[in-house]
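> The residues making up each chain are set out below.
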Amino acid sequence: MIAVLPFAFDYSVVSEHSGELLRGLLLTVEVAACGFALAAVLGLPLALAGRSRTPLLRIPATMWIALARGVPLLIVIFWLYYAAAQEGLFSLTAFIAGMLSLGLTGSGYMAEIYRSALSAVPTGQFESAAAIGLSRAQAFRVVILPQALRTAIPPAMNTFVMLLKGATLLSVIGLADMFYAAKLVAVNEFKPFELYTAAAVLVIAVTLVAAIGSGLVERRLSKGVRR
Amino acid sequence: MTTLFAALDFGPVWEMRSELLKGIGNMALIAVVSFALAIVGGLLLAGMRQSRSRPIAWGGFLLIQFLRGIALYVLLLWMFFGLASAGGFQFQPIPAGILALSLLNSAYLAEIFRAGYEAVPTGQKEAAMACGLPRRTWFFRIHLPQVTQITLPAMGNVFVDIIKDTSILSAIGVTELLRESQRWAQFYQLPFEFYTAAALIYLAIVTLVTFGWRRLERRAGRHLQTQATVRRSRSLLFGIGARSETAPAP
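In order, the protein sequence lines correspond to chains A and B.
Per our numbering, the very first residue in the first sequence carries number 17; after that it's consecutive.
Per our numbering, the very first residue in the second sequence carries number 19; after that it's consecutive.
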């Protein structure tokens, strides 16, 4: 296969720099995981506020979700990293800026996922929880939420994969992640084809692992309902 | 708070409006062309997956997994810089961007089309056959309209994603909205103003497209609407100016 390609693929340059690439990959996964955790934590109160009857909670939550889903990630990154610093609001390290931008963008998606998962729980569950004397908070915590979370897992993993792919963008603000290392070596050694191919393979490998992992988690969580 | 933002100067943003508009124009062009190509690609990939020939179906499956797994930014740099250095094949920025966007999104659309194709109840086909309709009539008059209706909401999400992802093309020098904003933010040393403006413009465009798409969805599903929902939808914001056909009460 390789032999028929009209050019030579120089493996040595990839293997020489594999240490940097893998270290960077760890950072990519780390920042994506932190961002996803932030999104998962922010998403639930957002979803609840979006379902609230008081406009005081509902309207800000709806606007937040629209903002998080409507503004491209790259602009959020630039905004947090350059624009906010210019106004002296705060100045962030690349890692924190990256984590925040992934988390804020992801929170809108996670809120939508929680919302649809919550509304997928049959109303009978609320009613029977009330009938056996559970308070609203208890019913939510022990009856509704566990069922909703199960529905939320597969789309949440999609969001994680989305954030993981978005994390490659963080190299533009100089986060020394996998893709930053690939770009650096590509320029220094003038081997962009080899390095970008390696980067692509790594990204696909990680997203595939995440997809397989989500399948396993989903099976584990649906144990109670599987026939 | 007021002293903090006292130094804000949106004047240059307004002065550069024609440049930003040019960026928006490029963005619209790229997004629409990529979406159209992605639909074609998505139909092809979905067809491959449905194929009776094992190797073709597997090829389709692998292609979809591969395209769904790769990040747009990585694919863009690979195509634009990697291929150029390896094969001496140099893309122009805009074609490279359109190709990358449509390739990645065709995989998403393929999955959407497949799900939509399978979501139509088999009874529909059986009923059509029982009525003696030819297969072609069944497909175009019975099946396709229902598939369209099921898949439209998800397709709208993909379109919005494409619009947002055009911002990533700035990395290979496509002069779309973000690239223009970046350029003038650096020129005037006003990143806050230009990036905020860009964010708001993106938000406005995405909101508008979402509203427009909802209307399209409603139109595709209008045969399912009750009289009440039809009347309500006419009175919404985008129902302004709609013809007021008052149907006689049943």
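By construction, these hints were calculated from the structure, which means they are not laboratory data.
Bear in mind that the values here come from a model prediction, so they are computed numbers and not experimental data.
Among the clues, some could well be false.
Said to hold, decoys possible - Quick list of the computed label-pair ranges, beta carbon to beta carbon: (1) A:Ile112 x B:Arg237: 16 to 24 Å; (2) B:Arg237 x A:Pro61: 34 to 42 Å; (3) A:Ile112 x B:Gly29: 28 to 36 Å.
As the list claims (entries may be wrong) - Now the stretches of chain A that chain B is said to cover, found in silico as 3 or more residues with beta-carbon under 8 Å: (4) 64-77; (5) 90-97.
Note that beta-carbon positions come from the ideal geometry of N, C-alpha and C, so glycine has one too.
> Against this structure, judge whether each hint is valid.
Do the hints match the structure? See the list:
1. A:Ile112 x B:Arg237: 16 to 24 Å: Hint violated: Cβ distance 46 Å, outside 16 to 24 Å.
2. B:Arg237 x A:Pro61: 34 to 42 Å: holds, 36 Å
3. A:Ile112 x B:Gly29: 28 to 36 Å: holds, 32 Å
4. 64-77: violated (count 0)
5. 90-97: holds (count 5)
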